[in-house]
Amino acid sequence: EHRQDSREHMVRESHQDRELGACPRESPSFHRRFTTLTITREPQSTHGAKDGAEGTSQGCASAGSGAATATTALFEPGRDGQTPQVVVLVGAPGMGKTMMVRKVMVEWGEGTLHTQFDIVFCIDCKAVVLPTEASVADLVSQCCPGLRVPAGKVLDDQKKILFIFDGFEALGFSLVQPEAELSSDPREVKPLELTLMSLLKKTVLPEASLLITTRPTALGSLRRCLKGECYMEILGFSAARREEYFHRYFENPSKADMAFRFARGNEILYSLCVIPVMSWTICTILEQELCGKKNLLECSRTTTGMMMFYLAQLLKHRDRDNPQVLQQFLLQLCSLAAEGIWKHKVLFEEKEIKDCGLDQPSILPFFLNERIPREGEDHGSVYAFTHLHLQEFFAAMFYVLEDDGEMVTSLGRLEKDVNKLLESYKFRKDLKVTVQFLFGLVSQKSIEYMDKTIGCSISPQAREELLEWLQRRHRGLSHPGQALKVSEMDTFHFLFEMNEKSFAQSALGDFTDLDLQDTKLTLYDQMALSFCIQHWVGLGCITFQGCSFHWQDPEAELDASVPCSGVSGAGGHPDAPVVRPREELPCPIHLLCRALRHRDSALQVLRLQWCRLSESCCAELAVLLAEHPGLACLELADSSLGDSAVRLLCEGLRTPGCRLRILR
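Just so we're aligned, residue 4 is where the sequence shown starts under the working numbering, counting upward by one.
Some hints here could point you the wrong way.
[As the list claims (entries may be wrong)] In silico lysine-lysine, DSS-like type, Cα no more than 30 Å apart, as pairs:
(1) K429 with K488
(2) K354 with K129
(3) K346 with K419
(4) K504 with K455
(5) K432 with K455
(6) K435 with K488
(7) K354 with K455
(8) K346 with K435
(9) K429 with K348
(10) K435 with K523
(11) K129 with K455
(12) K354 with K419
(13) K435 with K419
(14) K429 with K419
(15) K429 with K504
(16) K423 with K488
(17) K435 with K455
(18) K204 with K162
(19) K423 with K448
(20) K423 with K319
(21) K455 with K488
(22) K419 with K348
(23) K504 with K523
(24) K346 with K432
(25) K129 with K205
(26) K354 with K319
(27) K435 with K448
(28) K319 with K419
(29) K432 with K523
(30) K319 with K129
(31) K504 with K435
(32) K205 with K230
(33) K423 with K435
(34) K230 with K162
(35) K488 with K432
(36) K523 with K488
(37) K357 with K423
(38) K204 with K163
(39) K319 with K455
Calculated from the structure, these hints are not laboratory results.
Using the sequences and the hints, build the whole thing.
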């Protein structure tokens, strides 16, 4: 009876709509949105990989879906056949540690874990106010104040008890305590540090199980006081689970398809979706964009904008009374990031962190993962950004974040020379993402957002250098005596990232031709092209040679329908596989033709050579022919068009508004 009573109380607690640190507003729809995480036994350094959850080594497992419960995955027997009594779940902020804890609580509340644990006590170390002195029974009473039986009796059957410490690093006290002072009686009142150490050292309730979630910063001290523990590291979402999360987040399958297609077409965003809180961030923003809209073709949120929103979420609990401290910390962090990008460096030694003034425990773990050396390793801790694209974002910030002078670090002197970065990009294409973020950060919207929401000042001085570089770059690529043309797709990415009409007009104003060859154009690429074409007043000739237009992942386009495990249908079980039909997609060149129909278009020549155009493309071109007042030449070389496609084209040719003179 007392176990049932405690379960009912804990279930009420686990369903409260309270903030969860990394993932705000998850509680109301937690059961529907929870998506399997990739975890691995024994933390390992995966930071060197561009995308942490892919290509992981042996020992990886999925936790939290299908027949296997989250707790089964965490407490499964090891290679020796022994079920661990102590599990330490390690992960960076936003990787899903608290979500795993909540999943355990939900499973226990539903009775799924009845055979494994009768009682689960969960202590949120980040939020709970603990007494200075307490017994284990006191901690139990504080977790479950509604118990109708004494807490001491609840603790009688130790093997059926699970204690969870979520966010262990937040306790912040020393784990070095005299062995003789540890307690063996769960009713004995001791200083809190000794009581918790007694649980960890197993001098009290030695047969109870422990689940500890922590950031890597607390691993060193935990290793010194635990025995027989099993370490597991959260690696985030695998590729398949990213799409599943989008479908769990959005109740409407059509909106889920649109949102995932948007993210999948953007290489940077899709790679970042390995981090669960980043997937949440992107879904939250796209949900706002879809409010009152039918699609995301007019989405105004740039990749930089989503990164700034993510940064704001990370920093929302910091002390806002001293913005100078944050500004100085970010300056040092950005300097470290930029140094690393220049030197192809993603791992940083402890000495470098200290020399940069970044050894601030209250804020550093939000940005850098710490890998504690294991016993026998003769080096200190090493640090890395949670994802390479986050390092690239902060590297771009280094060039535009305002400070009182030059940044000098132990790594050497790194000048804020925007032109050097831009000119180096000619030879180092790995700088592309950093340059793209640079364009996004100096937009007027970004400057205002960083100031009002995060409290940091961005200098707009780099805008002129970026404009001159773009103009100079493409003049150098054009042959003397020929029309000035833009032939690099990244230029459109940069302008789309800034997302300012006047800047795009200035950057493209002197050019008349667009020439792209052998390029696979994703939805994101086409959105960037569409934005630039609409604001390119002098554009007279467009050539696409050997290009292909895709609205989703080309591999997914082969499937008429896609089974999506774990996404519930109407009235279906949340873990039952369902088959959802693919949404009917617009014509592949719809965005291009729509952009060309804007009223200021000066286009005269359109070449779509070896682009594998479909019948629907001819229908779209027919509308363009009928409505465009200046289009005089259309070339469709080797398109393998059938009779029905040509008939559609002829309908456009017959309209009174058609001004075409040459058809090849």
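Handout entry: Pairwise hint evaluation, K488 against K429, where the allowed Cα distance is 30 Å at most
Key = 17 Å, holds
Exercise for the section: Sort out whether K129 lies within 30 Å of K354, counting only the CA atoms. Expected result: At roughly 28 Å apart (the allowed maximum being 30 Å), K129 and K354 satisfy the hint.
Problem - Hint consistency between K504 and K455 [alpha-carbon to alpha-carbon, up to 30 Å] - result: 23 Å, holds
Problem - 30 Å Cα cutoff - pair K435, K523 - result: Distance of about 18 Å is within 30 Å: holds.
Practice task
Would you mind confirming whether the straight-line C-alpha gap from K432 to K455 stays at or under 30 Å?
Solution key: 33 Å, violated
Handout entry: Pair hint K319 and K129, alpha-carbon separation not exceeding 30 Å
Key = Between K319 and K129 the Cα gap is close to 14 Å, so the pair holds against 30 Å.
Practice task
Assess, step by step, whether the Cα of K488 is no farther than 30 Å from the Cα of K432, and give holds or violated.
Solution key: 21 Å, holds
Exercise for the section: Please work out if K423 and K448 have their alpha carbons no farther apart than 30 Å. Expected result: 25 Å, holds
Exercise for the section: With a cut-off of 30 Å on the C-alpha distance, tell me whether K204 and K162 pass. Expected result: 16 Å, holds
Problem - Restraint check for K419 with K348, where alpha carbons must lie at most 30 Å apart - result: 19 Å, holds
Exercise for the section: Compare the distance between the alpha carbons of K504 and K435 with 30 Å, and conclude whether the hinted pair is satisfied. Expected result: Judged against 30 Å, a Cα distance of about 22 Å means the pair holds.
Exercise for the section: Assess, step by step, whether the Cα of K354 is no farther than 30 Å from the Cα of K455, and give holds or violated. Expected result: 34 Å, violated
The structure fails hints 5, 7, 20 and 21 (numbered hints given earlier, in ascending order).
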